[in-house]
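Residue numbers (the UniProt record's numbering), protein chains in the order written: chain A, 1 to 178; chain B, 1 to 442.
A hint or two may mislead.
[What the hints assert, rightly or not] Chain A stretches covered by chain B per the calculated footprint, using a threshold of three residues with CB under 8 angstroms from any CB of chain B:
id	region
1	67-74
2	125-136
[To be verified] Chain B is nowhere near these chain A residues, computed Cβ spacing over 10 angstroms in every case:
id	residue
3	R17
4	A23
5	A26
6	G30
7	M34
8	I35
9	P38
10	E56
11	E64
12	T83
13	G94
14	V96
15	P99
16	K108
17	E112
18	D172
Hints in this document: simulated from the structure, not taken from any laboratory.
None of the values given here were measured: they were computed from a predicted structure.
Positions of the beta carbon are idealized from the N, C-alpha and C atoms, including for glycine.
Spelled out from the first residue to the last, the chains are:
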Amino acid sequence: MAETGVIPEGEGDPNRRDFIHIAAGAAAVGAGAMIAWPLINQMNPAADTLALASIEFDLTKVQEGQQVVIKWQGKPVFVRYRTPAELQKVVTEGAVGSPPQTDAERTKSGHEKYLVVVGSCTHLGCVPTFNAGDYGGWFCPCHGSHYDASGRIRKGPAPLNLIVPDYEYTSDTRVRIG
Amino acid sequence: MSEHESTYVPKTGVEKWLDTRLPIIRFGADYMSLPTPRNLNYWWTFGGILALCLMTQIVTGIVLAMHYTPHVDMAFASVERIMRDVNGGWLIRYVHANGASMFFIAVYLHMLRGLYYGSYKAPREMIWIIGCVIFFLMIATAFLGYVLPWGQMSFWGAEVITNLIGAIPVIGEPILIWLRGGPAIDNATLNRFFSLHYLLPFAILGCVVLHLWALHSAGQNNPVGILIPKDRTKKDMLPFHPYFTLKDGFAIILFLLLFAIFVFYQPNALGHADNYIPANPLQTPAHIVPEWYMLPFYAILRAIPDKFGGVVAMFSAIGVLFVLPWLDTSKVRSMRYRPTMRSFFFIFLVVGVGLGWCGGQLPDAPVIPGFGGVVLLDGNLNSYLWLTRLFTAYYFLFFLVIMPFVGLKETPLPIPATISEPVLTGADAMPALAPASPEKKG
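Excised from the complex, chain A in its bound form:
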């Protein structure tokens, strides 16, 4: 070919021809990545699902010994009004669960009888059954995790206690979650 004579032999490594090959290859990889990213990113949450809702809940709707399940950000939240016996039991047990927590660390002071937790099992996300299992709290039917009446994991494959969401008391009988 005519061009071969134009390239001086032993011009160094990489030579000019190598350079153009490497540059073209790099450009192709870069372009590929730029095309791939929007195709991947389109599966991340869309703008209409990103809106983080906060909800208010009237605690007078819960009777003693009862649990109300409310939907918050697509997930269930348990609001449980614990009986004195249940409360007594979880307080005297001290710090248990994973991580070890006392009941006081999981409730707001002055409102210990109400437990507010996200009702998703920390194993693979099923909703535990109320008042079931070996510890008087919840039992998850999917893979058999047991929680106590403070929502702490006591037995089974779940790695963590039921999550306590960010919430605050806006009055004596109302909470705002989120």
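Go by the hints and put chain B onto chain A.
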């Protein structure tokens, strides 16, 4: 085999014209005349059955997609509409749903056939590995499809399976949100699962083409497990068509009988009743159980008392299959001539079925009712939890310890030099049945 020479001779003018431009008829004819070992038994018919299953799922699936609405507000109702209003819709839906179960029955038998007869051993490793990819894609596709009716099992199955990915440290959570398209399983999830459930069967189809290509390059294995010497090709092989097309066809008819019994008389026997309840994101059903064909892997997940550990164990149970050709140290392919390994294989068979059985039981339930037992660590020894752990241990021991060890230690039985030998020298030898070229003798 790869050295199989083309025997196609174009006859008509159209064939001659086409053959120099696009030799597609030659390709098909060579494919159908492939020399195939004469001694294949009925365990070798599941490949054809699986091809039928894939086509059934694709055709009924495309039809169902014409009537199904992938939106949380309408999905469940649109499936009920298919059942009640679409002409023959109930039939199409039941064929598709039971077709998935039939697909898995056939694939498990196909895989066990390969395991028993050493069909994964050199030179057939690529056939086996592509097969494992197909199996994995099948599980993913079946899972995505099960989500679409948006019943209770659909929803909670999706919740649990996507959470498996969330168990990966550090990167798990962002991938989980990416997969779901939001903080929880919702419409975005259902919508994309529909799209992917449509796509993956075509990926499977592509892998099946590679699977067959690899099969035709390395050649069929056979129950004796020996490579057929080139000079024995005429004596020990038959052309695929018409001998094996007809044999496969007969097996397919028997298989379709079983399929039809389920579709017409027991269409819901293999499904779960709770999937006739619309999805409720606030309540997990008390009797949640995966589809039967996932139960063994579900049992393995549940046997491990740790979230990430369980996920790793479950994926390893499939992952170990990929390296199977290198775990088996034996030079002998067929377990017909490996009595020790054969015993371990049949234990494996019982354990596999046992794992599936355990997956359907509550982990704390006693195996022997009315018997106390002893508590060991986190569970009673007389409970499905510990039985599952025992089976899980054997599952992994079989591949990782027994297979490499027995392969080195055992003394195999004498292996015949040709596939005709066991027939011709056995008690029921009938030399008249072994003409040189049986396909040319009417």
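Results of checking the hints against the structure:
no.	hint	result
1	67-74	holds (count 4)
2	125-136	holds (count 5)
3	R17	holds (36 angstroms)
4	A23	holds (32 angstroms)
5	A26	holds (26 angstroms)
6	G30	holds (22 angstroms)
7	M34	holds (18 angstroms)
8	I35	holds (18 angstroms)
9	P38	holds (13 angstroms)
10	E56	holds (18 angstroms)
11	E64	holds (22 angstroms)
12	T83	holds (23 angstroms)
13	G94	holds (21 angstroms)
14	V96	holds (15 angstroms)
15	P99	holds (14 angstroms)
16	K108	holds (24 angstroms)
17	E112	holds (25 angstroms)
18	D172	holds (27 angstroms)
Going down the numbered hints, you'll see the structure goes against none, and every one checks out.
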